[in-house]
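Chains as they are written, first to last, in my numbering: chain H, 12 to 538; chain S, 12 to 538.
All clues given are correct.
Covered stretches of chain S (chain H as the covering partner; in silico rule of three or more C-beta atoms under 8 angstroms from a C-beta of chain H):
1. 125-139
2. 460-473
3. 476-484
4. 498-506
Each computed EDC-like pair below joins lysine to aspartate or glutamate, with the alpha-carbon atoms no more than 20 angstroms apart:
5. Lys532(S) - Glu128(H)
6. Lys532(H) - Glu469(S)
7. Lys149(S) - Glu469(H)
8. Lys455(H) - Asp419(H)
9. Lys265(H) - Glu236(S)
10. Lys240(S) - Glu55(S)
11. Lys497(H) - Glu134(S)
12. Lys265(S) - Glu268(H)
13. Lys455(H) - Glu396(H)
14. Lys365(H) - Asp419(H)
15. Lys25(H) - Glu221(H)
16. Lys450(H) - Glu511(S)
17. Lys518(H) - Asp446(S)
18. Lys450(H) - Asp510(S)
19. Lys322(S) - Glu393(S)
20. Lys25(H) - Glu52(H)
21. Lys267(H) - Glu428(S)
22. Lys110(H) - Glu469(H)
23. Lys497(S) - Asp530(H)
24. Lys497(S) - Glu134(H)
25. Lys267(H) - Asp485(S)
26. Lys518(H) - Glu453(S)
27. Lys532(H) - Glu134(S)
28. Lys265(H) - Asp485(S)
29. Lys322(H) - Glu294(H)
30. Lys497(H) - Glu453(S)
31. Lys265(S) - Asp485(S)
32. Lys322(S) - Glu421(S)
33. Lys518(S) - Asp446(H)
34. Lys450(H) - Asp70(S)
35. Lys537(S) - Glu134(S)
36. Lys518(H) - Glu440(S)
37. Lys518(S) - Glu453(H)
38. Lys240(S) - Asp485(H)
39. Lys365(H) - Asp355(H)
40. Lys537(S) - Glu511(S)
Hints were generated in silico from the structure; no laboratory data involved.
Just so you know, even glycine gets a beta-carbon here, dropped at the ideal spot from N, CA and C.
Protein chains: 2
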Amino acid sequence: MLDGKNIIGYNRSKRGSHTFKTFNPILNIENKTQFYEASAEEIEEALTLAQQASTFYADTSYSHRANFLNAIADAIMALDQDLIELYCSETGLPEGRAKGERSRTVNQLRMFARMLEEGSFVEASIDTAQPDRQPSPKVDLRKIMIPLGPIAVFGASNFPLAYSSAGGDTASALAAGCPVIVKGHPMHAGTGSLVSSAIVKAAKETSMPEGVFSHLNSSGHKVGEALLKSPHLKAVGFTGSISGGRALFDLAAKRKEPIPVFAEMGSVNPVVLLPEILRSSSEEWAKTVAQSVTLGSGQFCTNPGILMGIKNPDLDHFAEILAREINQVSPASMLHPVIAEKYDTGRANMQQQKGTTFVAGATEKSIPNAGRPVILKVSAAEFRENPKLHQEVFGPFSLLVECLNIEDLERSVALLEGQLTASVIGTNEELRGYDRLLKIAEGKVGRLIFNGVPTGVEVCASMHHGGPYPSTTDSRFTAVGDDAIKRWLRPVCYQNCPDELLPAALKNNNPLNLLRRIDGKLTSTKL
Amino acid sequence: MLDGKNIIGYNRSKRGSHTFKTFNPILNIENKTQFYEASAEEIEEALTLAQQASTFYADTSYSHRANFLNAIADAIMALDQDLIELYCSETGLPEGRAKGERSRTVNQLRMFARMLEEGSFVEASIDTAQPDRQPSPKVDLRKIMIPLGPIAVFGASNFPLAYSSAGGDTASALAAGCPVIVKGHPMHAGTGSLVSSAIVKAAKETSMPEGVFSHLNSSGHKVGEALLKSPHLKAVGFTGSISGGRALFDLAAKRKEPIPVFAEMGSVNPVVLLPEILRSSSEEWAKTVAQSVTLGSGQFCTNPGILMGIKNPDLDHFAEILAREINQVSPASMLHPVIAEKYDTGRANMQQQKGTTFVAGATEKSIPNAGRPVILKVSAAEFRENPKLHQEVFGPFSLLVECLNIEDLERSVALLEGQLTASVIGTNEELRGYDRLLKIAEGKVGRLIFNGVPTGVEVCASMHHGGPYPSTTDSRFTAVGDDAIKRWLRPVCYQNCPDELLPAALKNNNPLNLLRRIDGKLTSTKL
Chain H
12 MLDGKNIIGY
22 NRSKRGSHTF
32 KTFNPILNIE
42 NKTQFYEASA
52 EEIEEALTLA
62 QQASTFYADT
72 SYSHRANFLN
82 AIADAIMALD
92 QDLIELYCSE
102 TGLPEGRAKG
112 ERSRTVNQLR
122 MFARMLEEGS
132 FVEASIDTAQ
142 PDRQPSPKVD
152 LRKIMIPLGP
162 IAVFGASNFP
172 LAYSSAGGDT
182 ASALAAGCPV
192 IVKGHPMHAG
202 TGSLVSSAIV
212 KAAKETSMPE
222 GVFSHLNSSG
232 HKVGEALLKS
242 PHLKAVGFTG
252 SISGGRALFD
262 LAAKRKEPIP
272 VFAEMGSVNP
282 VVLLPEILRS
292 SSEEWAKTVA
302 QSVTLGSGQF
312 CTNPGILMGI
322 KNPDLDHFAE
332 ILAREINQVS
342 PASMLHPVIA
352 EKYDTGRANM
362 QQQKGTTFVA
372 GATEKSIPNA
382 GRPVILKVSA
392 AEFRENPKLH
402 QEVFGPFSLL
412 VECLNIEDLE
422 RSVALLEGQL
432 TASVIGTNEE
442 LRGYDRLLKI
452 AEGKVGRLIF
462 NGVPTGVEVC
472 ASMHHGGPYP
482 STTDSRFTAV
492 GDDAIKRWLR
502 PVCYQNCPDE
512 LLPAALKNNN
522 PLNLLRRIDG
532 KLTSTKL
Chain S
12 MLDGKNIIGY
22 NRSKRGSHTF
32 KTFNPILNIE
42 NKTQFYEASA
52 EEIEEALTLA
62 QQASTFYADT
72 SYSHRANFLN
82 AIADAIMALD
92 QDLIELYCSE
102 TGLPEGRAKG
112 ERSRTVNQLR
122 MFARMLEEGS
132 FVEASIDTAQ
142 PDRQPSPKVD
152 LRKIMIPLGP
162 IAVFGASNFP
172 LAYSSAGGDT
182 ASALAAGCPV
192 IVKGHPMHAG
202 TGSLVSSAIV
212 KAAKETSMPE
222 GVFSHLNSSG
232 HKVGEALLKS
242 PHLKAVGFTG
252 SISGGRALFD
262 LAAKRKEPIP
272 VFAEMGSVNP
282 VVLLPEILRS
292 SSEEWAKTVA
302 QSVTLGSGQF
312 CTNPGILMGI
322 KNPDLDHFAE
332 ILAREINQVS
342 PASMLHPVIA
352 EKYDTGRANM
362 QQQKGTTFVA
372 GATEKSIPNA
382 GRPVILKVSA
392 AEFRENPKLH
402 QEVFGPFSLL
412 VECLNIEDLE
422 RSVALLEGQL
432 TASVIGTNEE
442 LRGYDRLLKI
452 AEGKVGRLIF
462 NGVPTGVEVC
472 ASMHHGGPYP
482 STTDSRFTAV
492 GDDAIKRWLR
502 PVCYQNCPDE
512 LLPAALKNNN
522 PLNLLRRIDG
532 KLTSTKL
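Same shape as in the complex, but just chain H (with noise of 0.2 angstroms):
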């Protein structure tokens, strides 16, 4: 089944000539598959196809995209064993991590065909017409979200499954009704390849348009860069550095017709912890987030980078069972190579900082490509100093920031850029002490979170996964959750149409049975 070719609308297709490999990280040799990436000419077909696609998708009515996605979560439930396999040997991750981003990942999907059932995301209102209003009439006016037209899906590195081929992006930009093209992560290559074949399956079940979906292999920066490019795509979805977002962006703005880029990026997500609650619970919390440093290596868009407290023997006492929690870890394996590369370049240049002290962490390499678990600490003072200590390693490091009193836990919040979490441990009465203080956070993320570590992205109607830039693009956005399909859809208003020539969700008998605002009222009622 892994023939290692594009797949352009329902053909697959291997006409480029440059090759790439994925890598088993825990082995530490190459798999063996050999992908094509795609051409110049495959991308184009890809771009075509969806545009062709993206009238009659539009058209399709929500019941049916529905269909398209629940049969969608089938099709990669039943590539079973295969895909399990197949993840585990592109990432180094263990089984259960993948069943879990599975059952994530089939779970997105199944809930924006509900949500597709369910029919509020249209955002249907209503205006009736007031002939004799003076002084002069009021005409029909009546307003739904349509999708935007073909979204390219550039898929995470750390998330193989629920922000990649079949992921959040893609099932959100589905549900939508925009075409999606995937330009897949090089480094699972294969599990985006198996995923994106149940994806075409489910679409010629669902007798869906050729076109409506494609994935691409890509090992650099080409294929994303020739899709920015082309005017028949209407939007982006990133998950990944702050450095490839913004280049997207920037590819995007420059564009002769500017297209919206979603990018989800860095963060450190601070861990601010409150002396009271230190007192009495510093080994629970340095458990905790000893725990929530670690897992999955680090490899989490959450993982907190940054831990801030007030330096007494209470945040010391803290620190030493943080240690201990630490040396305790086994380092496992991280996602690839490059990316262990990348960490122990990023964890040794934080120790190089001035005034940068070792807390806990394993030294020696015991596996191949191991993310070893780091903490260091600093002070305020030096850490508000040099921007260098505010940026992201991506793995198991944070740093931990010793602050003189409040003022200087606030200020230090104060400086940090835009994150997707804050979080903030304390008792209920000592966090009405800290009011300044939280909304100084509250500024800068996308979510606050109390008596709680950043990792575990619950994923429903109220999380908002996103925040001020650099997290991502668009604080106005989530990539998480129910309301990440707002990200592709537009309003679109219809002036005294008649009745038959109205969509489905705005005609007077309301067939969708939807809740609309009716001159600013919300009712199911026909009119």
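With chain H held as given, fit chain S onto it using these hints.
The following block gives chain S in isolation, referenced to the frame of chain H:
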């Protein structure tokens, strides 16, 4: 009262050396007041004040903010005839238009005040905790929309009240909880200044923080550029030309922290006249179209700059009546000599394009700065070959494109750029036969109008005043209507937040009595 000064927070200031005056296009003379362009120092002061005001202002209760907006409306009405006279002297527009636009401005402010009282704009969403969920517990997640921070509003030349100092951008941004800095339009600096005094008066009366609003005089690009480069600025609202909007968009995209720019720019608003309806109603539609083309000297963003039909005797008849109606219109002065001159150049340039022929229009200069209505026609084949013919000529100009048949019409619509609106005039029966044309048109626009002209933009929840590029820089947002507020808000999610620390909109006992999405269902119950 009119002192030509900048309004920086609660102070009036004229520290710059560059001065300019506004112009009365009817009298063809400069107005007397000397305006002082904001200096770099004054711009920085306005930005710093806005930044300082932003946290406090973001935390004001929705009803407090509603009081502020209503107080602005009251203060504008209290300016009474002073404002109307100044408006007329700076625009050449008649008193009726001034009063109409004032009504719209005041109504918009009151509409956003009502939205604040009602509260659904914050999209409150709650997912309750499930501590016993397997395999892992679900945390408590609550989400609302919060303000982005300081916004710059660039006043529109053609809406000195409704899209300038206290216009739709300012009203929606203030409603969202964002401080606003207006870069006044140089052509109506006095009107902007007078309205801004009213805003400051209202801010003081309702105890809003200094810096919640500032008004900067500006005669060129410098003030805008300085605003765009400031890290304090978080978003931009602009109404004007494609070149102006794109320049701001490009500046914003190049920042270290890119910020959203919502620019509402050019649009030719095609009006398609189908054959069947012209058989019986060509006279009626010719009159309606003539009025729409010449309304306000054609100085509306929804002015119909392209008319399209299938060449036959009925279309010829339509053109004849249109010519008769257009020739009967007495040209009015345009807003400013610069605009009149640009119009004359643009119009003349169109007449020089290959294949265009004259249909109607006055030729002699009857009054100063006259916007003389002109209609040209061209074949669809020539139209498609020459992209210059697709561009907007700002003023009472329209180009009648004669198509051979349906396919010719579809192809011509298909190559238009993004538009605010398209209108289709046809009998209900014939509209059914043009489903492909309607689909093509829908893909190009933000508002699809049936049997109506594009001028006249209703301010309500179902309006969408936006559209694909280049009509705006982001088709997902609107500049008019309730949803205009969405441009200035971002979601923030609170995880496991103690009830007492939650914003009112998310507290268990629902003190604001909001309709909230709780575990996926809209309800106003308490928790």
